[in-house]
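Chemist: The residues making up each chain are set out below.
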Amino acid sequence: MNMMSEAAVEKALDKKMTDMSYKMIGNDVSVYYGEKRALFDVNLNVRENTVTALIGPSGCGKSTFLRTLNRMNDTIEGCRVTGKITLDNDDIYDKEIDVVELRARVGMVFQKPNPFPKSIYENIAYGPRIHGLARNKADMDQIVEASLQRAGLWTEVKDRLHEGGTGLSGGQQQRLCIARAVAVSPEVILMDEPCSALDPIATAKVEELIHELRANYTIVIVTHSMQQAARVSQRTAMFHLGQLVEENDTDKMFTNPDDQRTQDYIMGRFG
Amino acid sequence: MSTPLILLALAIIAIACYVAGTRRALAIAGGLSSNLHSRQGYYGSFVAICATVPAAIVLAVWLIASPFYINSTVMSGFPEEVKTQSEAQQGLSFGMVGGLARGMDVLTLEEIDAVSANPAELRSLLGTKGVALAGDPEPWMVVSAGDLNAMQKISSRIMTAVVLIIALAGAGLSYVRIAPRFRARNRVEKVILSALVLASSIAIVTTIGIVMSMLTEATHFFGRVSPWEFFFGTVWDPRFAAAGATASEGQFGLIPLLAGTLYIGFVAMLVAVPVGLFSAIYMSEYASPRVRSIAKPLLEVLAGIPTIVYGFFALTSVGPFLRDISAQLSGLTTGEYANFIQAQSVLTAGFVMGIMLIPYVSSLSDDIITAVPRALRDGSLGLGATKSETIKKVVMPAALPGVVGALLMTASRAIGETMIVVLAAGVAARMQLNPFEPMTTVTVKIVSQLTGDLEFTSPQTLVAFALGITLFAITLCLNIYALFIVRKYREQYE
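From first to last, the protein sequence lines are chains C and F. Just so it is clear: in the first sequence, position 193 is 193 by the numbering used here, and no numbers are missing. Just so it is clear: in the second sequence, position 409 is 409 by the numbering used here, and no numbers are missing.
Bound-form chain F, shown alone (with noise of 0.2 Å):
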């Protein structure tokens, strides 16, 4: 039986069990379900989690256990001039086997007789069928493939009795178990918080091991470039990642992209923080409630937008008017028709990345400034003070902790952004102050070094993992201090 096969019978025989576990707590308890320990429908789960979770769990270690065990055995008996190979070798004589046991799945007993005694003829014949192999087969490999098609097929077969038993002993000892008195919600709920657990601990675990990735890969390249070169130059300049060419030795200076991640993010705070917070007082001030129930799901849209939208945006529209206005007032002012500000620049990547930050500030800000207290605002309102002076004197300072965590949030969003920058910003690692300039960033540089045809050995292509993990630290570290800062503003009025 194949294994979606295997899974169809593990689900029917799930319902099976819970169907009869429900039934006969239920005429064991003289069919009052008052009788029971729980309620009927645990017995039933019960009985077909018992039948169904070892036989998964078993089948799901089989099937990753089972190839390394067949793949090894073949090996095993290659030829011993091809173990004497290399194991990358190795490794693609292997390939060859596999391809070639699954063509032989396609073929008819009468054709693999008819190529088994000339082998050259196999791969045109198995690439009429469909299957495409890398060169041309050996003798020896189409006995190891027919070996392996054995295997996996015995495997298969074994595989398939040991979990159809293990699920009917299950289903068999769990439903003779039922009882009044037997606990079975007590027995359910443990599974089902485990599974809570093994969910929640998956999205850990996955973080965790894409550090660790990045980690292994960052030190790869630290081997091949100090982290002094790394941290501290100011010269960004790779090369070319040519496979074998190892005189190209680039220059990996993290300053000039850092410049222009940190320069471009600040040109979109500045956008984004007086626009956002502005928006977020008249939202939660002066709003009428029928405006801010408008208003505030429309924002929250706003911030739903793939940031690839705005990327062309800037590239098609925003950046190209830019280069047109400066062009015209040089023109008024000089008489010269020459733009000052780039298509592609810092200004226009940071003003498009400030309208995308608009909604994150405006409605991170809101839901702050809305918790402040009615009764400060009362208070204040009380003592004679005006509503802008209520707002001014008491709710901003009151709520500014919590203005100030969502502003790091909205920055670390701005320092790990890719879409807009790499439209938008240019790939020129440059260290300047004019803002009309192109600039590039951290995250443009990942996605140029990563782009193309690669080596996965050459420091061009390790330092992605460099520049991540760096990525990764900042805005890491932005987001713990933004957590510390919102949870002791909560402090204060809890």
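Bound-form chain C, shown alone (with noise of 0.2 Å):
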């Protein structure tokens, strides 16, 4: 009964939370892919400065959610969302809204390592270079090495930055990428299992990462993983069948859920 109650003062707690601490707020979202509905009503705010782990069987429209908040699913043909995503009180799919600002706003890191067939220091300079960040050469040499520096891949790589990003090994060319996003100064990151395809070591550093990148950045992450969500958020939201399941602070969703779904994919039941 006692925990209950913790809960349910926590909850108002919430609920007595400006919307200001809250970096982006997602109200009702659905997604359609053509007559199909990947996503029902999603209620889910994102907290600034904080690490969102959105967990959930494959499938459950973790992803799909992810990719609403910088608007990716406008790459995909037949997609439609409804509903209403602000970030900081901007409706992001206003009329009024650039998807190419919102996207420098909101970076993304994708789940397989992706470097540009360029040289590491290009693939840092290509975002930087498009919006028009640096002012001269020296300007854009500082940008790249506080980016590869924040990545944690500058003492790795500085001696070969004219280099090709895809002669790095899988886990540097996720830093890169990670570096990259990083490079154009967005607040909130995005990234969509960013380590499913590399190695345990590799992993680890990534999620270093992300722990430092915290200070500075709102970070979203889907993750397969659920030892990477307890390791790495602050806030985990699950997922299931398109809807959201439940959200709650991390240690509270791995010890002691609300839901009895959420409590069954934690412990292995399903999924």
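It is worth saying that the hints were derived from the structure and are not from the lab. Everything hinted at is true.
Derived pair list, reagent style DSS-like, types lysine-lysine, alpha-carbon separation capped at 30 Å:
| no. | chain 1 | residue 1 | chain 2 | residue 2 |
| --- | --- | --- | --- | --- |
| 1 | F | LYS488 | C | LYS118 |
| 2 | F | LYS387 | C | LYS84 |
| 3 | F | LYS392 | C | LYS95 |
| 4 | C | LYS137 | F | LYS393 |
| 5 | C | LYS36 | C | LYS95 |
| 6 | F | LYS393 | C | LYS118 |
| 7 | C | LYS158 | F | LYS392 |
| 8 | F | LYS83 | F | LYS153 |
| 9 | C | LYS84 | C | LYS95 |
| 10 | F | LYS387 | C | LYS112 |
| 11 | C | LYS112 | F | LYS392 |
Values in this document were obtained by computation on a predicted structure and should not be read as measured data.
Dock chain to chain to rebuild the complex, using the hints, since each chain is given by itself in its own frame.
Modeler: Here it is, written out as structure tokens:
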């Protein structure tokens, strides 16, 4: 009983929190791929300078939700989004919002490392260059170095900045992609299973990096690994069959979830 | 039996063997095919193959070898005074004998008896029967023709007998070998494998054969004209290849032809590359799946139009149109209606060839651009790049090696293209830079040197082979280089 009331108190606190502490707010978000509905009225808020993990079995809509946050779903033929998503109180699906600007503010790291077939330097400089973030070469060098340092890659690659980015190992490639996303100074970074193609050591490095990035960025990460969600996130949201089952503090989620389905999934009974 | 009849008999034997072999295999297995090593059909196929393949090989060898034997025997029976003649003369005589032999098959016995007394009438008599002879036959020819016919008949009979005996023996021997544990499948598959190998080696052997024949003819040419003069000569003036007219030694300079080829190819690529590339970018990046599903096959149909059609499109429409419009233009600017673009010109040929090449460029590039992984596009879009930035800075650079390969392949097509330039480029072998004037290409000259009444020993004709091998070498190099680039590009993403 005591536990229950504690949860109730926390919920009350949640409600009291002003919208300002939420970086992004999703309101009744539904996604359709053609006739098929992939997301059902999801209400999920993303807190500032917090790592929010999205978990759930395959095909539950967690990646779909992630991609609505920077409108990457726009690139998919026949995909339609309803509901409202705001970034700092701006509706990102508003006609006034330029999707290009949005994606500069909400960066993305993908499942498979996808460095461009260019040099390491050019991979990082790509984003700042198109957004005009550097006045001159020295500025650009500085941005490249800072981004690589943020991604914990600087010491490994500083002597071969002008070699191809595809020549790095898988883990280095993924950190390069994170550095690339960081280089355009986004406010939010979305990560779609960033470690699923990496070995455990590279995974540990990326997780450590996520931990450090939290100080400056709001991070939303989709993961298949429950342990990873527990390790890197403060908030966890559980999706099932296109619906948001539960969203809670990570600690609570993994010890005493409110929903039976979350319990079952975390215990490994399905998914 | 005639050859088609023998083949028919072999086919019937094969079917019978298949049926019998299958039945026997099943009977031996007690009606249960699971008792057999291979499926029962393989036993039938094994018997059929054993019956027909050796027989067919013997038949083929016999058909090829027996005429040589018979011909040499008949020729050795020629009178002494014929044998002392030149080889060409003997060949002519033998041709007469062959004609006579065919003719005598048509005649009845009485007619032969009637004319053998007077061979001079034979020619007119055969003429009425539809067999034309080159000259009046001499008496010894009639005898030889009789020999020829007799030998051919005997050969045909022996061949029929041998082939049928081999077929039946093969059938019988293989039929008795059928046993439940007999590995029929392995044997049949070995035969099928060798058939597949044979089929693919035919293409390779043919290519080698073509190159060899071009090389030998080209060496004959280079025996008459020095390679230096050919490859570095700046004047193309082969004169006429009149038989026996040795005085008219021409000049065979490759340079003007090569210049024309490259110039027209350049103009064609100037048209085809931008249009083709832009359409490829539209198709792969912007077009909706519906548009793409209609437009892409349409473009590929365009690639299937025979080039002769483009040729007369150039000749009857584009050329005159350019000529008239240039006349109008000069009329407007100078007041004098003189066309500065010739109907047959580098521009006409290059433009129409460019149109022809558009589908190659766009279809090949489209495939290559589409093959750029979606992840790269997403990565760029996810950084806030616009679609056009993504295409210009990520997709195209990634696709570039493949696109260059595609363009090289297209260029080699442009260089080897014949019909359009024959009709639209003109025949004047000149070295000049004005695209409104006619020029000519290597392919046009090959056509013009090889059409008409020819003597295949003069340099005027042999030069076509030298031109051909040069062209082949150029396009081969381009294609190999293109393949090399495309392959290197593929490795990047696999």
